[in-house]
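If you want the building blocks of each chain, they are given just below.
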Amino acid sequence: MEFLVGSVWAAGLAIGIAAFGCGIGQGLGLSGAMSGISRNPEAAGKIQVNMLIGLAMIESLCIYALVVSLILMYAHPALKGAVAALGAH
Amino acid sequence: MADLEKIVNFVTKTNWILFLATSLIALTAMPQKVYLGVFIGGLIVAVNFHLLKQTVIRNICHERVMEKGSSLVGNLLVKYYIRFAISGAVIFLLISNHIVHPLGLLAGLSVVVASMFIATVIELTRILFKEAV
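For the protein sequence lines, the chains are A and B, in the order given.
For the first sequence, this note's numbering assigns the number 89 to the last residue and increments by one with no breaks.
For the second sequence, this note's numbering assigns the number 133 to the last residue and increments by one with no breaks.
Just chain A, same shape as in the assembly:
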C-alpha cells in the first residue's frame, strides 16, 4: 500500500515542481521579450525567434514531467507486482 501511496505522491510532486519551474521560466521569458520589443521595436524579429526556441524547450520539459508522473501512476513497471501483493494480503 505504501508503494502505491508513494507513487502517487511522487507523481504529484513531479508535475507540481516541474509546472512551478516551467511557469516561472516562461513568465520571465515572456516578460523579457515584451520589454525588449517595447524598448527596441526593430529587434522584434530576433526576439521572436529566440523566444520560440526557448518556449519550445520549456514546454518539452513540462511534457516530460507530465509523462513521468503519468508513468508513475498508470504504467509503473512494478505496479502489477505491488497490486498482486496487496491482493494476496
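Accuracy of the hints is not assured; some may be wrong.
[Claimed, not checked] The calculated lysine to any residue pairs, modelled on SDA-like cross-linking and capped at a C-alpha distance of 20 Å, are:
{"id": "1", "chain 1": "A", "residue 1": "46", "chain 2": "B", "residue 2": "53"}
{"id": "2", "chain 1": "A", "residue 1": "46", "chain 2": "B", "residue 2": "5"}
{"id": "3", "chain 1": "A", "residue 1": "46", "chain 2": "B", "residue 2": "9"}
{"id": "4", "chain 1": "A", "residue 1": "46", "chain 2": "B", "residue 2": "23"}
{"id": "5", "chain 1": "A", "residue 1": "46", "chain 2": "A", "residue 2": "30"}
{"id": "6", "chain 1": "B", "residue 1": "79", "chain 2": "A", "residue 2": "39"}
{"id": "7", "chain 1": "B", "residue 1": "33", "chain 2": "B", "residue 2": "84"}
{"id": "8", "chain 1": "B", "residue 1": "79", "chain 2": "A", "residue 2": "80"}
{"id": "9", "chain 1": "A", "residue 1": "46", "chain 2": "B", "residue 2": "58"}
{"id": "10", "chain 1": "B", "residue 1": "6", "chain 2": "A", "residue 2": "80"}
{"id": "11", "chain 1": "B", "residue 1": "6", "chain 2": "A", "residue 2": "57"}
{"id": "12", "chain 1": "B", "residue 1": "53", "chain 2": "A", "residue 2": "58"}
{"id": "13", "chain 1": "B", "residue 1": "53", "chain 2": "B", "residue 2": "103"}
{"id": "14", "chain 1": "B", "residue 1": "130", "chain 2": "B", "residue 2": "106"}
{"id": "15", "chain 1": "A", "residue 1": "80", "chain 2": "B", "residue 2": "103"}
{"id": "16", "chain 1": "B", "residue 1": "6", "chain 2": "A", "residue 2": "22"}
[What the hints assert, rightly or not] Per the computed footprint, the stretches of chain B lying under chain A, defined by three or more beta-carbons under 8 Å from a beta-carbon of chain A, are:
{"id": "17", "stretch": "17-31"}
{"id": "18", "stretch": "51-59"}
{"id": "19", "stretch": "94-105"}
[To be verified] Looking from chain A toward chain B, a few residues come up when the C-beta cut is under 8 Å (computed):
{"id": "20", "residue": "13"}
{"id": "21", "residue": "17"}
{"id": "22", "residue": "44"}
{"id": "23", "residue": "55"}
{"id": "24", "residue": "60"}
Calculated from the structure, these hints are not laboratory results.
The beta-carbon is built from N, C-alpha and C at its ideal position, and this holds for glycine as well.
Using the hints, position chain B against chain A.
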C-alpha cells in the same frame, strides 16, 4: 535576422525528418506499442512546435505589442495553454489506457529537443570553424 530565421526553419524541417525517420525505424524494428508511442509522441510535439511558431510569429511583433487596448493574454497565453491542455489530455489517455509503450512515447516526445540539439551542434561547429579560419 536571416541566420535566426534559418535556424528556426532548420529546426522545423529537422522535426519532420526526425519524426519520419524514428517512426520508420520503430515500425521496422520495434513492437507495435513502441512504434505507436514514437509515432504519436513525435506527431504531438511536431504539430505543437508548428502551432507555437504560428502563434509567436503572429503575436510577438511590434504592431501587436504596441497596439492600444489589445492584450496578448487572449491571443498568446490562452492559445498556448489550450494547446498544452489538449496535448496533456492526449498523453494521459495514451498512457492510462496502455495504448502506447511509455518509453516509445518519451522517444517520440524528444523529437523537437533532438532537432534543437542538432541545430545547436551545427551552429557551434560553424562558429568554431569560422574562428579557426
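**Study point:** Hint check against the structure, violated hint numbers in rising order
**Key:** 4, 6, 7, 8, 10, 13, 14, 16, 17, 20, 21
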